[in-house]
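Protein chains in written order, with my numbering: chain A, 24 to 341; chain B, 1007 to 1622.
These aren't lab readings, by the way, just hints derived from the structure by calculation.
Just so you know, not all the hints are guaranteed correct.
A few chain B positions that, by computed beta-carbon distances, are all more than 10 angstroms from chain A [what the hints assert, rightly or not]:
1) 1054
2) 1057
3) 1074
4) 1081
5) 1132
6) 1154
7) 1224
8) 1225
9) 1254
10) 1292
11) 1305
12) 1309
13) 1348
14) 1368
15) 1619
What follows is a list of derived Cβ distance ranges for each label pair [as the list claims (entries may be wrong)]:
16) B:1161 / A:163: 34 to 44 angstroms
17) A:318 / B:1034: 49 to 59 angstroms
18) B:1317 / A:167: 28 to 38 angstroms
19) A:106 / B:1411: 26 to 36 angstroms
If we take Cβ atoms under 10 angstroms as the criterion, some of the chain A residues that face chain B in the derived model are [said to hold, decoys possible]:
20) 164
21) 168
22) 183
23) 230
Glycine included, every Cβ here is placed at the ideal spot set by N, Cα and C.
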Amino acid sequence: MFREITKVDENNPIRFMNYRKHTSIFSIVLLLIALGSLAVNKLNWGLDFTGGTLVEVGFSQPADLELLRDVLETNEFGDAVVQNYGTQRDVLVRVPPRENVGADSIGDQLLRLLQSEVDQDIQIRRVEFVGPQVGEELTEAGGLALIVAMICILVYVSFRFDWRLALSAVIGLFQDVIMILGVFSVLQISIDLTILAALLAVIGYSLNDSIVVADRIRENFRILRKEDSVSVIDISLSQTMSRTLVTSLTTLLVLVTLFLFGGQMIEGFAIAMIIGVVVGTYSSVFTRSTIVLALGISRENLMPPEVEKEGEDLEQMP
Amino acid sequence: MLNRYPLWKNLMVLIVVLVGALYALPNIYGEDHAVQISATRGGEVNTQTLQQVESALRQADITPRGISMENDQILVRLNSDEEQLAVREMLVSELGIQYVVALNLAPATPSWLESIGGAPLKLGLDLRGGVHFLMEVDMDEALGKMREQMVTSVRDRLLEERIRYRGVREDGNDVVIELRTAEDFQSAVTSLRNQYQGYETRTSAADNSIRLVMTELQLQEIRANAIDQNITILRNRVNELGVAEPLIQRQGQDRIVVELPGIQDTARAKEILGATATLEFRFVDMENSLSDALQGRVPFGSRLYPMRDGGQILVENRIILTGDHIVNAATGFDENGRPQVDITLDSVGGRLMSQATRDRIGDQMATVFIEFVATGETTEEGRIEFERIEEVVSAPTVQARLGSSFRITGVGGVQEAQSLALLLRAGALIAPIQIVEERTVGPSLGAENVKAGLTAIVAGFVLVLIFMTIYYRKFGLVANMALLTNLVMIVGVMSMIPGATLTMPGMAGILLTVGMAVDANVIIFERIREELKEGRSPQQAIARGYDNAFSTIADANITTLITALILFAVGTGSIKGFAVTLAIGIVTSMFTAIVGTRAVINLTWGRKKRLTELSI
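Model the full assembly from the supplied sequences, consistent with the hints where possible.
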């Protein structure tokens, strides 16, 4: 039974492109919501980008956060954010960057304070200090990485396929990234360097999808001489549908296990990837195909003389 | 014949997989608790040290699992962590301050594997616990000192040559000299042109000015020197911490990365890393006899100092000048091609030196190196106690009245000259450093991360294996074989590459490649199913499925590889780890999923002439 779920009759393809008006409106609405949330809620930038100090400690019993806040308040750490991390016993304290000298010793001060005032036997789990300048550089490098990745992909796909497919692929990637960031801004999950890694991994993943589809579109334009562009795209999407679903499913399987068992530090990464895989699958089926059609793709665009597929040679053989 | 691989291709697959498995093998042997002994401050690790260690162990009735000497280090493998701590304590008091005894985990890789370069995966700090510091060298300070030095030097020279000038000033990194008359300008040009290494002379007759432009090379050299100097100092400091495998390395223009695995107490680490070394020049007491002093009759106004290469020396208490007047110290060669150390002082230092050496030509001048070494004790306020250790690193004879730049000859070989220059520079902190990033992971969190990562990988893996078997039946089993091989190969390749470390995001990367590696097989298998549906024979369907899928898979993977490379370029630490595992995973998965599965399928189904059905 579940073998048949993804089976599609190629001679009677699903007419995905008939719904392209609806999906476009749906995409635009989602994008507007995401952008709206980004504008209103903003992103919860993590320590890597804002700079500051973060201390994660383990208490021997469930921690009294109110007491902790009081202690910190009376010791000139009124701006510290205190929260549980993972379990009741683990606590994360985050202090925004300080201008004065000795900013690099805030972590030690915090630890000494917690040790003397709250609990003798606290366990140091993690201390992170990021200077404001380093934070700025990481933000810059991160933004740059995303942009460079998109440009490289644009160039590579244009070279291998056609600029229309490349442009639609990159627009789809923008949609993926904005949607992930939108969800992060709604849920106020903190954005750290692993999220950046996840964004780039999503770009890679989502692109896989578009390339598989693009490859099939190109092939079908050559084989199915009588069909129009809309039909060719519908047929291509239908033919690759089972692959799209199976791969998304296996990737989601590992991501969900990562989310469930991978621990706190990798949680954000897993969430970003899960959203990315779902949105990426959607965008490679609907968004990109719709844009490719709007850009006016036709058979002639995909008939470069130099690219000969091995399959075609075989077909001409007796 | 459609689905047959030639013998060489089958053999290649087999060999690649075997090599991958071979290098993944060291990871199953685990690690021994060990202590590592290395020398510092003139100490030397030799067979005598080895015997000393062995006899100490015998006395304490401890039988080590192994003891070896390699690269001037002694490694003692022990049976448990309690034994490790006890032995360390014992050896510290036994060997004394000239040796560093560090706790370590030594891989228990069998020697035959080690001899072919096999080693287990290196774990990142987020998995093994430890401290990561990013330090920034204050280059402005270094350049500022250099500029000041240049301005004074130019002024002195003009004064000496009796050339009147309107002004000598800094402009960026350049020095601008303004003169009043054309004659002064001419003589200044003759005097200054090409006199300063690392500067280009540009003259402008129109406004009687000369500009000494710092060359790009000189700028780079100042930067490199400031970094090297700090790295040297940090390395000495880190030795005090007794860390087994520290990493100290330059990053970018003006930063230094310090990674100290296993260190928990960052406050202590920071204090020790921040401790300073200084340098003093003093005259050797030539009037009183050394042998009297050695017998306890130390004359008033002098003191006995240990020499770095053994022995004692009697040195005056009066300090000529301290190391902070040193601007640079570099190795060079004298007229006879023997190594020497060139020293440059700032203007105040030059004046002091000139005054002091005026009537003491022929005397010896001692260079006293002073460092502060943590004793391991703490004061009542919880601060670490430092012990001041002083030693004479060289005591050359003064040949002439010295100025702001002089040289020390007869220092021995190039090696000795270099280490003296390093010490001289280390004594004069040209450019201070500041910690700009710190990441500490406690050992419990590290262990938890390893456990969580492994659980996630195993669980994700098993789910995918089950799914593939149900969905693609026998072909699914083939894909599963490829997946398992892929995992072994990722581990093998990562163990092979010296710089690759496994980090927490790296573990996510492995899991992600598992998810994505299936993709290649899904594309191929779906294609085969399509071909079958179009009525082709099973053998043809297999061949066409693979052929048609290849370019799709290649394109898809290349784009992912692009993103991995970009991540590697911009990422730091654990993110780089993710990029590395992702990139390696893409390459190995392409191999196992395309070539590997084809080999198995060819061997299983390729030979069957009358194949009517495929289990796909």
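How the hints compare with the structure:
Here residue 1054 of chain B stays apart from chain A, with its beta-carbon at least about 40 angstroms from theirs, past the 10 angstroms limit. Distance check for residue 1057 of chain B against chain A: the nearest CB is about 40 angstroms away, which clears 10 angstroms, and the non-interface claim stands. For residue 1074 of chain B, the condition that its CB be more than 10 angstroms from all CB atoms of chain A holds, with the nearest at approximately 34 angstroms. Every beta carbon of chain A lies more than 10 angstroms from that of residue 1081 of chain B, the smallest distance being close to 29 angstroms; the non-interface claim holds.
Once the 10 angstroms rule is applied to beta carbons, residue 1132 of chain B is inconsistent with being away from chain A; the minimum gap is 7 angstroms. Annotated as non-interface, residue 1154 of chain B keeps its C-beta farther than 10 angstroms from every C-beta of chain A; the closest such distance is 24 angstroms. Listed as a non-interface residue, residue 1224 of chain B keeps its Cβ farther than 10 angstroms from every Cβ of chain A; the least gap is roughly 26 angstroms. Against chain A, the non-interface label of residue 1225 of chain B holds: every CB pair exceeds 10 angstroms, the least being about 21 angstroms.
Against the 10 angstroms criterion, residue 1254 of chain B stays outside the reach of chain A, whose nearest CB is about 17 angstroms from its own CB. Interface exclusion of residue 1292 of chain B from chain A stands, the closest Cβ pair being 46 angstroms apart, more than 10 angstroms. Look at residue 1305 of chain B: its CB is around 45 angstroms from the nearest CB on chain A, clear of 10 angstroms, so calling it non-interface holds up. Non-interface status of residue 1309 of chain B relative to chain A is upheld: no Cβ of that chain comes within 10 angstroms, the nearest being about 36 angstroms off.
The Cβ of residue 1348 of chain B sits about 35 angstroms from the closest Cβ of chain A, beyond the 10 angstroms cut-off, so the non-interface label holds. With a closest Cβ-Cβ approach of about 48 angstroms to chain A, residue 1368 of chain B is found to remain outside the 10 angstroms limit, as its non-interface label requires. No beta-carbon of chain A comes within 10 angstroms of the beta-carbon of residue 1619 of chain B; the shortest separation is about 15 angstroms. The beta-carbon spacing between residue 1161 of chain B and residue 163 of chain A, approximately 42 angstroms, falls within the hinted interval of 34 to 44 angstroms.
About 54 angstroms separates the C-beta atoms of residue 318 of chain A and residue 1034 of chain B, a value consistent with the hinted range of 49 to 59 angstroms. The hinted range of 28 to 38 angstroms is not satisfied by residue 1317 of chain B and residue 167 of chain A, whose Cβ atoms lie roughly 58 angstroms apart. Restraint check, residue 106 of chain A to residue 1411 of chain B: a C-beta distance of roughly 59 angstroms breaks the suggested window 26 to 36 angstroms. For residue 164 of chain A, the shortest C-beta to C-beta distance to chain B is roughly 4 angstroms, which falls under 10 angstroms, so the interface hint holds.
Here the hint on residue 168 of chain A is kept, as its CB sits about 4 angstroms from the closest CB of chain B, short of 10 angstroms. At a threshold of 10 angstroms, the smallest CB-CB gap from residue 183 of chain A to chain B is about 6 angstroms, leaving the interface hint in force. At about 5 angstroms, the closest approach between the beta carbon of residue 230 of chain A and any beta carbon in chain B falls short of 10 angstroms, and the interface hint on this residue holds.
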